[in-house]
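Take a look at the letters that make up each chain.
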Amino acid sequence: MHELSIAQNVLDIVRQSVPESELQDVRTIRMKVGMLSGVVADSLEFCISAVVAGTSLSGAKLDIELVPFRIRCRACEREFANDIGYVICPECGGVETTIVSGRELQVTEIELDDHQKGRP
Amino acid sequence: MSIVTVERKVLEKNDEIARRNRALFSSKNLFVINLVSSPGSGKTSILEQTLEYFDHRVPVAVIEGDVQTDFDAQRIARYKTPVVQIVTNGGCHLDAKLVEDALRSLPLEGIRLLIIENVGNLVCPSGYDLGEAVKVVVASTTEGDDKPLKYPAMFQHASVLLINKIDLLPYVNCNLNALKANALKINPTLQVFETSCTTKAGIAQWCSWLEANLHT
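Just so you know, the protein sequences line up as chains A and Z, in that order. By numbering that gives the first Met the number 0, the letter at position 116 of the first sequence is numbered 115, and the numbering carries on one by one without gaps. By numbering that gives the first Met the number 0, the letter at position 79 of the second sequence is numbered 78, and the numbering carries on one by one without gaps.
It should be emphasised that the hints constitute simulated quantities derived from the structure, not laboratory data. A hint or two may mislead.
Said to hold, decoys possible - Simulated DEER-style distance windows between Cβ atoms:
| # | chain 1 | residue 1 | chain 2 | residue 2 | range |
| --- | --- | --- | --- | --- | --- |
| 1 | Z | Leu148 | A | Glu19 | 45 to 53 Å |
| 2 | A | Leu3 | Z | Asp54 | 25 to 33 Å |
| 3 | A | Gln23 | Z | Asn176 | 23 to 31 Å |
| 4 | Z | Glu6 | A | Asn81 | 21 to 29 Å |
| 5 | A | Leu65 | Z | Val133 | 46 to 54 Å |
| 6 | A | Leu65 | Z | Lys12 | 35 to 43 Å |
| 7 | Z | Glu6 | A | Arg77 | 22 to 30 Å |
| 8 | Z | Val133 | A | Pro89 | 48 to 56 Å |
To be verified - Non-contacting residues of chain A with respect to chain Z, defined by C-beta distances greater than 10 Å in every case (computed):
| # | residue |
| --- | --- |
| 9 | Ser20 |
| 10 | Asp41 |
| 11 | Leu65 |
| 12 | Ala74 |
Note that the Cβ used here is the ideal one computed from N, Cα and C, for glycine as well.
Same shape as in the complex, but just chain A:
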């Protein structure tokens, strides 16, 4: 259960990417989370909501894109997805495979409500 420290890292990135005066306008923090990143999306959402409560980011919610685990076989050059982390090619049995995706853990976009822009 390290989602709480991950949540704090996510908010650090948000605070570094958005001017302090606009933090209250942050509505959505978009993330990519790989199936094999070791992070549970539901726990991360829960931890974010706990960490932002009572702060200028209290209006922010997570929008997580779950990225499937995919491998590419170097022998037959085909690509396969599976959710258990097998890296052996199901088609030709090749063990020389490349992990294409599934380990992501990144903040991609931050969406701000700009309804307050222009107000004095």
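Assemble chain Z onto chain A, guided by the hints.
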């Protein structure tokens, strides 16, 4: 609505410190392993057997990670080996910063091998680079043969698998071949050793592998 494009890795700060640790290890010619497993699979016992086998012929230092207590550091100190205990106070894994801080109180001069024993946990430590050369995962026969399928990320990040407690195979529900096959489905390049800290089976082979990987 306005959008700020970010595209930043959540663990970038950890990765940056890990790179710093790795540069330090390289400048000191240190081979560093990150020993990971679930609690109770025998990491500390393997460490003790390793220290006993090398008997100071290879200078080793140890960083111990635990949620509470310095019991493990006390066990290691009996081998007159430099050791630092990190107590995470509830934290479920070591991170690069904790290791960087611990390195300040560890005399590294003349040391060839640094073993970092991570917190017993097969999930969280897999995501945190500490700056090590290799992750070594321990799976014991008492845990059954399906651990690699249940915790694939850890087995994917590891370079070596130690199957420990093989002396207990006759008494536990664990098929050694199935355990190996499951691990290799997740990571076909895993180097596998079968060990027992009671009979000392496999310890010499494991230690020879370590020795062969020391920087000259």
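**Item:** Structure versus earlier hints - violations, ascending order
**Value:** 2, 3, 5, 6 and 8
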